[in-house]
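Participant: This is what each chain is made of:
There are 2 protein chains.
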Amino acid sequence: MRDRLPKASKLYIALLHYPVINKDGKVVATAIANMDVHDIARLAKTYGVETFYLINPIEAQRKLASQIIDHWRKGYGATHNPFRKDAFEKVEIKSDLSEVVEEIRALNHCKPQIIVTGANFQGELLSCRGLREAIKSNYLPYLLIFGTGSGIADEIVNQADHRLESIRGKDGYNHLAVRSAVAVILDRIVDTT
Amino acid sequence: MRDRLPKASKLYIALLHYPVINKDGKVVATAIANMDVHDIARLAKTYGVETFYLINPIEAQRKLASQIIDHWRKGYGATHNPFRKDAFEKVEIKSDLSEVVEEIRALNHCKPQIIVTGANFQGELLSCRGLREAIKSNYLPYLLIFGTGSGIADEIVNQADHRLESIRGKDGYNHLAVRSAVAVILDRIVDTT
Numbered sequence: 001m002r003d004r005l006p007k008a009s010k011l012y013i014a015l016l017h018y019p020v021i022n023k024d025g026k027v028v029a030t031a032i033a034n035m036d037v038h039d040i041a042r043l044a045k046t047y048g049v050e051t052f053y054l055i056n057p058i059e060a061q062r063k064l065a066s067q068i069i070d071h072w073r074k075g076y077g078a079t080h081n082p083f084r085k086d087a088f089e090k091v092e093i094k095s096d097l098s099e100v101v102e103e104i105r106a107l108n109h110c111k112p113q114i115i116v117t118g119a120n121f122q123g124e125l126l127s128c129r130g131l132r133e134a135i136k137s138n139y140l141p142y143l144l145i146f147g148t149g150s151g152i153a154d155e156i157v158n159q160a161d162h163r164l165e166s167i168r169g170k171d172g173y174n175h176l177a178v179r180s181a182v183a184v185i186l187d188r189i190v191d192t193t
Numbered sequence: 001m002r003d004r005l006p007k008a009s010k011l012y013i014a015l016l017h018y019p020v021i022n023k024d025g026k027v028v029a030t031a032i033a034n035m036d037v038h039d040i041a042r043l044a045k046t047y048g049v050e051t052f053y054l055i056n057p058i059e060a061q062r063k064l065a066s067q068i069i070d071h072w073r074k075g076y077g078a079t080h081n082p083f084r085k086d087a088f089e090k091v092e093i094k095s096d097l098s099e100v101v102e103e104i105r106a107l108n109h110c111k112p113q114i115i116v117t118g119a120n121f122q123g124e125l126l127s128c129r130g131l132r133e134a135i136k137s138n139y140l141p142y143l144l145i146f147g148t149g150s151g152i153a154d155e156i157v158n159q160a161d162h163r164l165e166s167i168r169g170k171d172g173y174n175h176l177a178v179r180s181a182v183a184v185i186l187d188r189i190v191d192t193t
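Protein chains in written order, with the working numbering: chain A, 1 to 193; chain B, 1 to 193.
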């Protein structure tokens with residue numbers, strides 16, 4: 001059995017479009033932003049993420065995202081910009097989080113450690129340094145979830161294994177684009193040396 | 001004189017739209033991307049950057065950027081999203097790099113240390129750790145320049161005081177969005193503790 005174990009942890013990321021909260025704290029579904037797909041796919045490729053899951057419950061949204069992805073993987077985009085093609089190979093579209101968790105479990109014969117991110121977490125949090133060490137020192141799959149809108153809804157946060165420490169700026173300003181948060185957090189938790 | 005010295009280094013960033021190179025290595029001027037302005041303004045606010053300079057030699061481009069900025073500083077955007085207003089207060093538009101350098105020199109009575117960034121630098125480079133320590137331990141103004149297109153043209157790179165180490169991914173992939181590079185580098189060089 002031993003030689004069937006992976007050589008290191010596998011890191012998966014997901015961008016959640018439902019359930020997330022809006023500015024007023026209501027649970028909503030958000031639209032997929034083209035720039036999120038591009039920037040986060042390139043980050044996933046840079047930092048050796050296994051798969052970048054786009055999660056959206058609305059079929060028309062998934063179809064639109066699928067067309068964008070196909071353009072860069074197989075259409076004119078693939079010849080126009082082969083580096084973008086490489087990045088888009090990382091992207092998968094799913095309709096809900098449970099599908100993602102099931103896929104990772106099936107691929108790894110092991111439930112992933114689920115880690116949620118957010119700009120306003122308080123209390124007991126996993127540090128980026130702690131997560132970096134954990135990823136390097138064990139063999140579990142990790143799923144890191146980023147929320148669109150104003151963040152991941154409580155029902156998902158409360159089910160997670162860990163909440164990751166929030167990015168703290170200099171003057172308490174914590175309103176980064178989710179694309180920027182993915183960049184900062186991947187750079188903090190992935191050892192590229 | 002001593003009490004007129006600033007208490008710590010001041011960090012300025014610039015997004016250069018000319019002179020930069022395109023995919024074929026030719027020197028070109030690029031267009032201002034709305035998402036760059038939003039994401040980098042929010043990063044500048046988060047990481048305590050003094051000013052985020054948008055540099056573009058084309059008047060129509062500067063006018064368009066100015067309209068976007070005014071919308072978020074003074075127009076409907078300012079009441080709709082006050083956090084975005086705070087971020088946009090950091091943005092200034094200039095027509096060329098020498099204007100930016102002169103403004104920083106006038107404000108600080110001292111020429112800024114000019115540091116260029118790029119995805120493919122080789123040779124003797126300033127490390128992010130080294131820059132972080134320098135910013136913490138001296139009183140010079142620093143200007144960190146990010147290029148659009150395929151990167152900053154040689155004529156600017158060759159005039160800089162330092163070239164910053166490139167962001168290295170896991171498998172040699174180095175095709176991040178400039179927005180993502182700004183996020184990673186500011187997080188590496190600014191001490192927010």
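Heads up, some of the hints might be wrong.
List of simulated lysine-lysine pairs, BS3-like, C-alpha gap at most 27 Å [claimed, not checked]: (1) LYS26(B) x LYS85(A); (2) LYS90(A) x LYS111(A); (3) LYS23(B) x LYS170(A); (4) LYS111(A) x LYS85(B); (5) LYS26(A) x LYS63(A); (6) LYS170(B) x LYS136(A); (7) LYS170(A) x LYS90(B); (8) LYS90(A) x LYS63(B); (9) LYS94(A) x LYS23(B); (10) LYS63(A) x LYS74(A); (11) LYS170(A) x LYS26(B); (12) LYS85(B) x LYS23(A); (13) LYS26(B) x LYS74(B); (14) LYS170(A) x LYS74(B); (15) LYS63(B) x LYS74(B); (16) LYS111(B) x LYS74(B); (17) LYS85(A) x LYS170(B); (18) LYS74(A) x LYS94(A); (19) LYS23(B) x LYS26(A); (20) LYS170(B) x LYS74(A).
Because the hints were derived from the structure by calculation, they are not lab data.
Just so we're clear, the structure is a prediction, and the values are computed from it rather than from any experiment.
Participant: Each of the hints needs a verdict: does it hold here or not?
Facilitator: Consistency of the hints with the structure:
{"no.": "1", "hint": "LYS26(B) x LYS85(A)", "verdict": "holds (23 Å)"}
{"no.": "2", "hint": "LYS90(A) x LYS111(A)", "verdict": "holds (20 Å)"}
{"no.": "3", "hint": "LYS23(B) x LYS170(A)", "verdict": "violated (36 Å)"}
{"no.": "4", "hint": "LYS111(A) x LYS85(B)", "verdict": "violated (43 Å)"}
{"no.": "5", "hint": "LYS26(A) x LYS63(A)", "verdict": "holds (25 Å)"}
{"no.": "6", "hint": "LYS170(B) x LYS136(A)", "verdict": "holds (14 Å)"}
{"no.": "7", "hint": "LYS170(A) x LYS90(B)", "verdict": "holds (14 Å)"}
{"no.": "8", "hint": "LYS90(A) x LYS63(B)", "verdict": "violated (38 Å)"}
{"no.": "9", "hint": "LYS94(A) x LYS23(B)", "verdict": "violated (34 Å)"}
{"no.": "10", "hint": "LYS63(A) x LYS74(A)", "verdict": "holds (16 Å)"}
{"no.": "11", "hint": "LYS170(A) x LYS26(B)", "verdict": "violated (39 Å)"}
{"no.": "12", "hint": "LYS85(B) x LYS23(A)", "verdict": "holds (16 Å)"}
{"no.": "13", "hint": "LYS26(B) x LYS74(B)", "verdict": "violated (38 Å)"}
{"no.": "14", "hint": "LYS170(A) x LYS74(B)", "verdict": "holds (24 Å)"}
{"no.": "15", "hint": "LYS63(B) x LYS74(B)", "verdict": "holds (16 Å)"}
{"no.": "16", "hint": "LYS111(B) x LYS74(B)", "verdict": "violated (32 Å)"}
{"no.": "17", "hint": "LYS85(A) x LYS170(B)", "verdict": "holds (17 Å)"}
{"no.": "18", "hint": "LYS74(A) x LYS94(A)", "verdict": "holds (20 Å)"}
{"no.": "19", "hint": "LYS23(B) x LYS26(A)", "verdict": "violated (44 Å)"}
{"no.": "20", "hint": "LYS170(B) x LYS74(A)", "verdict": "holds (24 Å)"}
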